[in-house]
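For the sequence shown, the positions run 1 to 129 when this note's numbering is used.
Among the hints, erroneous ones may be present.
Calculated cross-link-like contacts (lysine-lysine; reagent style DSS-like; alpha-carbon spacing at most 25 Å) [what the hints assert, rightly or not]:
#1 K85 - K98
#2 K34 - K16
#3 K16 - K52
#4 K66 - K34
#5 K15 - K85
#6 K52 - K34
#7 K85 - K66
#8 K66 - K98
#9 K14 - K98
#10 K52 - K98
#11 K52 - K93
Simulated DEER-style distance windows between Cβ atoms [said to hold, decoys possible]:
#12 R21 - T111: 30 to 40 Å
#13 K52 - I24: 46 to 56 Å
#14 Y20 - K93: 41 to 51 Å
#15 N62 - S105: 31 to 41 Å
#16 D55 - V7: 36 to 46 Å
#17 S109 - R6: 16 to 26 Å
#18 I36 - T111: 28 to 38 Å
#19 F99 - S35: 33 to 43 Å
The set of hints was computed from the structure by calculation and includes no laboratory data.
These figures come from a predicted structure and were not determined experimentally.
Glycine included, every Cβ here is placed at the ideal spot set by N, Cα and C.
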Amino acid sequence: DTGIVRVDFVPQTKKKYVGYRLVIDVEGVGRNLKSIPISANCRVPEFTLGVKELDIGEVFLNYPYKHQLPLNNSSHELPARFEVKGQQEATVKQALVKFDVQAGSVPQSDTLNLGFAVIGRRLGAHTSP
Numbered sequence: 001d002t003g004i005v006r007v008d009f010v011p012q013t014k015k016k017y018v019g020y021r022l023v024i025d026v027e028g029v030g031r032n033l034k035s036i037p038i039s040a041n042c043r044v045p046e047f048t049l050g051v052k053e054l055d056i057g058e059v060f061l062n063y064p065y066k067h068q069l070p071l072n073n074s075s076h077e078l079p080a081r082f083e084v085k086g087q088q089e090a091t092v093k094q095a096l097v098k099f100d101v102q103a104g105s106v107p108q109s110d111t112l113n114l115g116f117a118v119i120g121r122r123l124g125a126h127t128s129p
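Given these sequences and hints, build the entire structure.
Structure representation (structure tokens):
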């Protein structure tokens, strides 16, 4: 029997991939049974935030204020992946930020409204990078 197997490669860096091989192992049969050359040109979709600055306004201490951050993928061909990095330790004392999801993707020519909550933890005006 033969069949078509589709493999989606998700590279971590933008570059050309030359000289790589896909090695096929079959459990219980053997390792390195077949080797197929791989070449790829990694492209990056046009991905932007829908706002340049977020003004949360006045908040009560320890109360979550829900907001959305628009993630725009203007590429007509490629989906865009995103990952939320951890909050900088120095800013946690002022306000805690919790995102609804930590990672995901935005389809081509689409916008995802990424939900998050801000919880004020200290009195006074604050600005975070």
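Outcome of the hint check:
Of the pairs offered as hints, the one joining K85 and K98 holds, with about 11 Å between alpha carbons and a cut-off of 25 Å not exceeded. Restraint check: the Cα-Cα separation between K34 and K16 comes to about 23 Å, which is no more than 25 Å; the hinted pair holds. The straight-line distance between the Cα atoms of K16 and K52 is roughly 32 Å, outside the 25 Å bound, and the hint therefore fails. Distance check on the hinted pair: K66 and K34 sit about 52 Å apart at the alpha-carbon level, beyond 25 Å; violated.
For a cut-off of 25 Å, the pair hint linking K15 to K85 stands: about 23 Å separates their Cα positions. Restraint check for K52 and K34: not satisfied, since their Cα atoms lie roughly 50 Å apart, outside the 25 Å limit. Restraint check: the Cα-Cα separation between K85 and K66 comes to about 19 Å, which is no more than 25 Å; the hinted pair holds. A C-alpha spacing of about 9 Å is found between K66 and K98, which places the hinted pair at or below 25 Å, so the restraint holds.
For the given pair, K14 sits about 29 Å from K98 by alpha-carbon distance, which is inconsistent with the 25 Å threshold. Between K52 and K98, the direct Cα distance comes to roughly 19 Å. Compliance with the 25 Å bound is thereby established for this hinted pair. Taking the CA atoms of K52 and K93, the gap is near 23 Å; set against the 25 Å cutoff, the hint holds. One distance hint, 30 to 40 Å for the beta-carbon pair R21 and T111, holds here, with the actual separation near 38 Å.
Separated by about 48 Å at the C-beta atoms, K52 and I24 satisfy the suggested range of 46 to 56 Å. The supplied range of 41 to 51 Å is met by Y20 and K93, whose beta-carbon atoms lie about 45 Å from each other. Between N62 and S105 the CB atoms are about 33 Å apart, so this pair conforms to the stated range of 31 to 41 Å. Between D55 and V7 the Cβ separation comes to about 44 Å, which falls inside the hinted range of 36 to 46 Å.
A hinted range of 16 to 26 Å for the beta carbons of S109 and R6 is consistent with their spacing of about 22 Å. About 37 Å separates the C-beta atoms of I36 and T111, a value consistent with the hinted range of 28 to 38 Å. For the hinted restraint 33 to 43 Å between F99 and S35, the CB-CB distance of approximately 41 Å keeps it satisfied.
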